[in-house]
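Student: Each chain is listed here by its residues.
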Amino acid sequence: MGENHSFRSYNDEQPNQLRLLIMLHNIGATESSKSLTIKQISEWTRMEAPELQIHLQKLIERGYAQSFRSEEIDKYHLTIDGIRKVLSLYS
Amino acid sequence: MKVGTLTWEFPPRVVGGIARHCEGLAKALVQQNHEVHLFTLDFPGSPSYEEMDGVKVYRASTELGHPNFLTWVLLFNHFLTKRMADVVHSVDFDVMHVHDWLAAFSGISFKHYLKKPMVLTVHSTEVGRAQGLHSPDSFSINGIEWWAMYEADRVIVCSQSMKNEICDHFNLPWDKVDVIPNAIDATKYQTFVDRGSVRQRYGVGYGEKLILCVGRLVPQKGIEYFIRAIPNIAKRYPEAKFIIIGEGWSRDILEAEARASGQNRKIQFTGFASDQEVINLMTSADVLVVPSVYEPFGIVALEGMATGVPVVASQVGGLSEVIEHDRTGLFVFPRSPESIVWGIDRVLSDPDHAKWLTENAKEKLHKAYSWEAVAMKTVEVYRKVVE
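Residue numbers (our numbering), protein chains in the order written: chain B, 16 to 106; chain S, 58 to 444.
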């Protein structure tokens, strides 16, 4: 990690996975009752569903997001660790 | 006095030092017979209202969202305002106390609506956190910070270095700002900790050194410089283990740095840990490293001092005021892995000196940093604006 990246702008240069995590937080997907489908997340973030699925899977593997199935549809929301990771940007 | 406190962070919504500060201050104010109504944001599993040691805590649910951070902040401020509006008809507040710019919109609204004075505590600044203003959002946040300080009747900061920073950067009148340091609840650190058991849980064997770093995983905490110091520490102390506690947006980058160090098997990232687990690890560690490059106060150094672990910290910001070099801890140069190696070696190579440092640190801590004292000084500020 070079000096120039130490204090980079979190709005302009974040990897898409982190950007997605932030967006999920800011649009309110922070608990199971507020979880969102891929379609809803895609509408908010303007990311294509296949790309979204890859990023969401990685976020789930790292413990920052979780999913559950409701009426045959997968829905996603952040875990508490995911929320804390996002809030660390702003505190 | 009846105090309306606004903060975006309050336990269990703990991100950085603001939550701990608000908790310590609010509880100490209640103990001194003041009435504290605290308005904050919801968190999964937390009730919308509860009393915590006499502090009345109201949590606002943010019912609308937006991908843009600043828009989201404006939205949650609306819901914070709405939550507060339910209460102001039945409580005649003497003063509104806002913590940082994030809750400023709501606080300023009520200042004007209720015609009550507003006190603002500035915990850090955008220009400090980001080490410059590099994006439109940063410029906007910087402007909101200025606005909040302008609207506030008085401004509180936690260190002289923060006073210098905000007076210089925002052209704030020197006599509008009060310095009230942070504190810790010393009783939390007086519990028995089975060091052997804690070390075993983290795979630190008998006779091995445990080197600890605690902080949000964000660039301002300087953890990358600690990781860069690890190969040279490991050369001198091959049995050392390194534990990094905290969560944050730069975790992936720091984990990659750890992998590249060639010492990855000796480095553990624990993620967020509870207060008790932080105490357990601090009490069990041989040295606590605080490698921050920007630190308005550095409450983690106080926590380390309270547990009796020797503290090696960057000489920046509030840390320069918390620690006395080579008396209550050791200073190292910020952004310098070589200097961090020196500090850790100084502590590990001379256990008698390390013990002396920790004894001095504990003595200073008990005299200077109690929530009771912080609450009394804060009430003095409230009195200035109420009168």
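Watch out, some of these pointers could steer you wrong.
Derived CB-CB ranges, DEER-like [to be verified]:
#, chain 1, residue 1, chain 2, residue 2, range
1, B, Pro65, S, Tyr259, 32 to 42 Å
2, S, His123, B, Pro65, 19 to 29 Å
3, B, Gln72, S, Pro408, 44 to 54 Å
It should be emphasised that the hints constitute simulated quantities derived from the structure, not laboratory data.
Every residue, glycine too, gets a C-beta built ideally from N, C-alpha and C.
Student: Each hint should be assessed against the structure and marked as holding or not.
Tutor: We went through each hint and held it up to the structure:
1. B/Pro65 x S/Tyr259: 32 to 42 Å: holds, 40 Å
2. S/His123 x B/Pro65: 19 to 29 Å: holds, 25 Å
3. B/Gln72 x S/Pro408: 44 to 54 Å: At roughly 48 Å between Cβ atoms, S/Pro408 and B/Gln72 fall inside 44 to 54 Å, so the hint holds.
Comparing the model with each numbered hint stated earlier shows that all of them hold.
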